[in-house]
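S.K.: Residues per chain are reported as follows:
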Amino acid sequence: GQNIDQPTEMTATEGAIVQINCTYQTSGFNGLFWYQQHAGEAPTFLSYNVLDGLEEKGRFSSFLSRSKGYSYLLLKELQMKDSASYLCAVRDEAYGNKLVFGAGTILRVKS
Amino acid sequence: DTEVTQTPKHLVMGMTNKKSLKCEQHMGHRAMYWYKQKAKKPPELMFVYSYEKLSINESVPSRFSPECPNSSLLNLHLHALQPEDSALYLCAIGGDPLASTDTQYFGPGTRLTVL
Numbered sequence: 131g132q133n134i135d136q137p138t139e140m141t142a143t144e145g146a147i148v149q150i151n152c153t154y155q156t157s158g159f160n161g162l163f164w165y166q167q168h169a170g171e172a173p174t175f176l177s178y179n180v181l182d183g184l185e186e187k188g189r190f191s192s193f194l195s196r197s198k199g200y201s202y203l204l205l206k207e208l209q210m211k212d213s214a215s216y217l218c219a220v221r222d223e224a225y226g227n228k229l230v231f232g233a234g235t236i237l238r239v240k241s
Numbered sequence: 008d009t010e011v012t013q014t015p016k017h018l019v020m021g022m023t024n025k026k027s028l029k030c031e032q033h034m035g036h037r038a039m040y041w042y043k044q045k046a047k048k049p050p051e052l053m054f055v056y057s058y059e060k061l062s063i064n065e066s067v068p069s070r071f072s073p074e075c076p077n078s079s080l081l082n083l084h085l086h087a088l089q090p091e092d093s094a095l096y097l098c099a100i101g102g103d104p105l106a107s108t109d110t111q112y113f114g115p116g117t118r119l120t121v122l
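Read top to bottom, the protein sequences are chains G and Z.
The first sequence stops at residue 241 when you use my numbering, and every number in between is there.
The second sequence stops at residue 122 when you use my numbering, and every number in between is there.
Chain G side only, calculated, beta carbon under 10 Å to chain Z, not exhaustive:
#1 Q167
#2 P173
#3 Y178
#4 A233
#5 G234
Rather than coming from a laboratory, the hints here were simulated on the basis of the structure.
Glycine residues also receive a C-beta, built at the ideal position from the N, C-alpha and C atoms.
With the hints as extra help, turn the sequences into a complete structure.
M.R.: What follows is the structure, given as structure tokens:
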């Protein structure tokens, strides 16, 4: 089966750093994705990891440990516009390579 | 820049109506997806088209009927929907559903309300 866990909500302060964790259990792991979704809008692709390690893209970084079934999304220099839901999604080749989404983490950035 | 367009942005329909949602892309991506997203829930996969052929149907009720007339266009035909079908319907595109590096990019979605 598949199971993806993320915290439901997080709150952080503008200018700070926040780490959103994601743990997963899948039969045929074939990549992990992070998406950002503002309320009422479509998900926007942020990052992709398939090998262990850190991928950095501006203020956003994503880390993967396949042996631990663990990933995190790191957001630096938080801005108010970063308030959104962050979705962790895992591609599972045991299920036709479809993406399976976690429930999402609602991040609230306060001033 | 990846661009996926969806029309209409909003749709209100009665349970006896027939309507269609449209998704268009001109990036040459060969995988196209329909997702349904309810409020405060993650997207749920409905259908996958790979090279214009239906490859995955996630046991979606027959009142939803997908169609892929060509590599740029994906439709979702709706008939006899129920109020619980009200949701955000998202189209996504990807390069190759079998490639491990394939990334899905979402369109802006159609907000559907069934009365």
